[in-house]
Each structure stands twice: as C-alpha cells, then as structure tokens.
Amino acid sequence: LLLEAFTKGSYRTDAIIIDEGQDFDDSWFVALEAALADPDDGLFLVFADPHQVIYRDGWEPPFDAVEYNLDLNCRNTNQIAAVVARIYGDDLPSRGTDGPEPQFIPVESAEGIEKALRGVLHSLVNEGSLARSDVVVLAQRRATKDALVGSSFAGVTLETIEERTDGVATETIHRYKGLEASAAVVILERLETDRDRALAYIGLSRPRVQLVVVGPPAVGKALGL
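Sequential numbering from 12 applies to the sequence shown in our numbering.
These aren't lab readings, by the way, just hints derived from the structure by calculation.
Treat the hints with care, as some may be off.
[What the hints assert, rightly or not] Below, computed lysine-lysine pairings styled on DSSO-like, alpha-carbon distance capped at 30 Å: (1) Lys156 to Lys126; (2) Lys126 to Lys188; (3) Lys126 to Lys19; (4) Lys156 to Lys188; (5) Lys188 to Lys232; (6) Lys156 to Lys232.
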C-alpha cells in the first residue's frame with residue numbers, strides 16, 4: 012500500500028532521511044525511494060544501528076549504498092560508554108566527558124526491585140540535584156513496568172510518559188528507544204538472548220550522565236558491574 016501510494020501519488024521530494032533504519036521492513040525502503048523526485052541523484056540517507064535490532068533477527072542494508080560508520084559516542088559519559096560497549100565487546104571511543112561510576116543493585120524479586128527503587132529515587136531526587144523530569148525508570152519487561160506505574164517510592168510517583176505530571180517517567184526500554192535523559196534506572200531481569208542484549212544496549216545508553224542498573228547478580232556480572 013505504501014509503494015502504491017507513492018507510485019500513484021504526486022508527492023515527490025529531493026531528499027529522504029530515515030532514522031532507526033534497522034526497524035524498517037525491507038519493502039519500506041523501496042516505497043520511500045519511489046518518493047524521490049530524482050531517484051538517481053536525490054539524497055537517500057539512512058541511520059541505523061545493528062545493535063538496536065529488537066523487531067527482527069539481525070539487520071543489514073537491503074540495498075547497495077556508501078556506508079559511513081559513526082563510531083563516536085557523543086551521548087554518554089566515559090563511564091557509561093564503557094559499560095554499554097561491553098555488551099557487544101565494542102571498542103568505541105567516547106567524547107571524553109567523565110561522570111559518576113555506573114551503579115549496580117543486585118535484586119532477586121519484585122520486592123527487591125521496589126526496595127532498590129526506593130533507595131535510588133531518594134538518592135537521585137530527594138538528596139541529589141536532579142529534577143524528577145531528569146530521571147527515567149526503564150524496564151526490560153512490560154509486566155514489570157505495568158506493576159510499577161502508579162506506585163510511589165520515597166515520595167516519588169512513577170508515571171508513564173504520556174501521563175507524567177510531577178513524577179518520574181517510567182517505560183519499557185523498547186518504548187523509550189531514541190530518547191534520552193540525564194539519569195536512568197534500568198531494570199534488567201536477564202541477559203541471555205540476542206534480544207536481551209539489544210534491549211540492554213538500548214536501555215543502558217539512554218542516560219547522558221548517571222546510570223543505575225537493577226537486576227539479578229548474573230546480570231551485573233555479565234556487565235562487569
């Protein structure tokens with residue numbers, strides 16, 4: 012339908028820029044290319060990260076193109092970037108900004124997660140200098156996120172992004188992909204499959220300055236925390 016719409020329609024453009032290209036179905040690229048006014052000389056630019064593939068098994072460009080590797084981490088502090096790089100064994104440079112050491116809190120149950128959140132949110136928001144809008148809580152599993160939303164820990168209420176007023180935004184990692192925050196509390200309950208690793212990579216790379224990981228001891232060991 013998308014290809015038919017562009018083929019039959021009159022809309023044309025000189026340039027198309029695609030973000031999160033690893034999430035696109037191969038047929039979408041064909042359809043979007045049909046919207047170029049000049050398919051031979053028009054700009055068709057795709058940004059994609061194979062480490063963030065969570066809707067399919069692996070990703071490679073489905074077309075011939077000139078490839079540029081953007082390997083400089085410009086979001087995270089050196090300390091966070093080092094943890095993120097361990098997930099896939101990358102050796103990527105960061106922009107050189109230092110910050111607090113990432114923290115890992117071992118838990119074995121839902122009660123443990125709640126206890127950890129109570130202490131972390133008190134430290135970040137009540138004792139620290141961070142506004143509630145600067146902090147996000149990210150869960151690997153939707154069930155965990157759903158169980159936490161609406162709860163209050165240390166006087167801080169966890170709210171969804173859409174409904175957030177004066178609380179801390181709380182979402183699944185996959186819904187928060189593409190966004191960032193000053194600080195993130197990431198709940199990782201396992202790190203076993205390719206999708207687990209992709210979600211960990213996404214979640215741990217969301218905070219610019221401060222990262223707290225909550226999960227079983229095996230997760231902390233795998234991350235070197």
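Numbers of unmet hints, in rising order
3
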